[in-house]
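There are 2 protein chains.
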Amino acid sequence: MKHCSSCGQENELRIPDGEDRERHVCASCGTIHYQNPKMVVGCIVEHGNRILLCKRAISPRRGFWTIPAGFMELGESAPAGAARETLEEACAKVEIVAPYAHFDIPHIGQAYLIYRARLLEERFAPGPESTEVELVDPARIPWEELAFLAVRYSLELLCEDREAGRYRHHLGSVVRSNDGFALADHQFFKLASLKK
Amino acid sequence: MKHCSSCGQENELRIPDGEDRERHVCASCGTIHYQNPKMVVGCIVEHGNRILLCKRAISPRRGFWTIPAGFMELGESAPAGAARETLEEACAKVEIVAPYAHFDIPHIGQAYLIYRARLLEERFAPGPESTEVELVDPARIPWEELAFLAVRYSLELLCEDREAGRYRHHLGSVVRSNDGFALADHQFFKLASLKK
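The listed protein sequences correspond, in order, to chains S and Y.
Under my numbering, think of the first position of the first sequence as 1, with each following residue one higher.
Under my numbering, think of the first position of the second sequence as 1, with each following residue one higher.
Incorrect hints may appear among the rest.
The list treats identical chains as interchangeable, and a pair is accepted whether it falls inside one copy or across any two copies.
Derived SDA-like pairs (lysine to any residue); straight-line CA-CA distance at most 20 angstroms [said to hold, decoys possible]:
hint	residue 1	residue 2
1	38	70
2	93	20
3	2	16
4	2	35
5	38	105
6	2	97
7	55	22
8	190	168
9	55	18
10	2	33
Because the hints were derived from the structure by calculation, they are not lab data.
These numbers were taken from a predicted model, which means no experiment stands behind them.
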């Protein structure tokens, strides 16, 4: 944010009139450049007892495993974005079943919106951003080789939910703690489909 | 996005290598400038039977009514942002009760995350962005004077849920339709608190 995206001149960091925090403001044309969190949308695809995982072919966290997920694009809904990412990364067509988790990561300005989904066809394969795609038994999830914390917490809670024989809807924030990171402000709700 | 925010030179619209859609890419330094949806976070504050509404003092939709809501900021969680907006716009301290609705608005790149909340103290007043703040009986909601469609749909569904004696969790997208706009892909789920 060194330069103004409107006129190209240099921005300065200052608190605009009527606001309470510093923004990048163009010293020349006065445009205020707001920066906001980005949404990461993804799917926990369940097939029978197994879960679809992808091994990342790209940075960050190349070589680590994840659920299909990525930045939501302009012009799409969050569930559509989660399904698009699943098609791109795992060549899998899915239907969204229900929201599963919303985990904010305040220190990096990201919000993970994770949905449970099911395969529409029993076909999957690595897309360009994956080297492997597998349906993994929960007992064989590579916990030490997961790419992202929000994915790890989602899968841990999913395993817990399945053992308890029900799904919950989870809210929380991934925050720095004394010994690394932790899931803070974890709230959960019983979630059941209602017929229209 | 005319200029590169890194170097100030002009961007061009083109599809970067390995991607599938046009991005603003700096013709000089090559930086790709991604644009993603913004999250709007807000609260339906219930107090007894009534709901906290604010009359907007600012553009857009000045003079129209809304629930307290605004753009999520870097460094906060979505529920914290919804509570912050409620403090700013209605001078009301609230506790988040549960997620209520996630409505995407693809054509303007926004995602509304709306939470049910309760007053921690029975105190509220117009903040700088409001001219009036009121606890409104559902029968007296000014439907024709609501500022935003996502707010309208949320309040309509809340009234419906209350009449049915339960709350649901709602997903959907606000889309253009033949006669204006509509709530598309509406899915809803029964949501109940679970004790930890």
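Exercise for the section: Measure nothing new, just compare the shortest in-copy and cross-copy C-alpha distances for residue 190 and residue 168 to 20 angstroms and report within, between, both or neither. Expected result: So residue 190 and residue 168 pass the 20 angstroms test inside a copy (5 angstroms) and across (11 angstroms) alike.
- Alpha-carbon proximity context of residue 2 and residue 97, limit 20 angstroms: neither (42 angstroms within a copy, 40 angstroms between copies)
* To do: Indicate which option fits the pair residue 93, residue 20 if close means a Cα-Cα distance not exceeding 20 angstroms: within, between, both or neither.
  => So residue 93 and residue 20 pass the 20 angstroms test across copies only (18 angstroms; inside, 45 angstroms).
Task: Identical-chain pair category, residue 38 with residue 70, by Cα at 20 angstroms - done: Close inside one copy (10 angstroms) and across copies (15 angstroms); limit 20 angstroms.
Exercise for the section: Since the copies are identical, ignore which copy is meant and state whether residue 2 and residue 35 lie within 20 angstroms (CA to CA) inside a copy, between copies, both or neither. Expected result: Classified as both; 13 angstroms inside a copy, 17 angstroms across copies.
**Study point:** Alpha-carbon proximity context of residue 38 and residue 105, limit 20 angstroms
**Key:** Classified as both; 10 angstroms inside a copy, 15 angstroms across copies.
Fill in: Alpha-carbon proximity between residue 2 and residue 16, which holds within one copy, between copies, both or neither at 20 angstroms
Within. Shortest intra-copy distance 17 angstroms satisfies the 20 angstroms Cα cut-off; inter-copy 22 angstroms does not.
- Up to 20 angstroms between alpha-carbons, please classify residue 55 paired with residue 18: within, between, both or neither. between (47 angstroms within a copy, 18 angstroms between copies)
Review point. Is it within, between, both or neither when you check residue 2 against residue 33 at 20 angstroms Cα-Cα?
Key: both (11 angstroms within a copy, 13 angstroms between copies)
| query | When no copy is named, should residue 55 and residue 22 be tagged within, between, both, or neither for a Cα gap of at most 20 angstroms? | reply | neither (39 angstroms within a copy, 26 angstroms between copies)
Violation of the numbered hints given earlier is confined to hints 6, 7; the remaining hints are satisfied by the structure.
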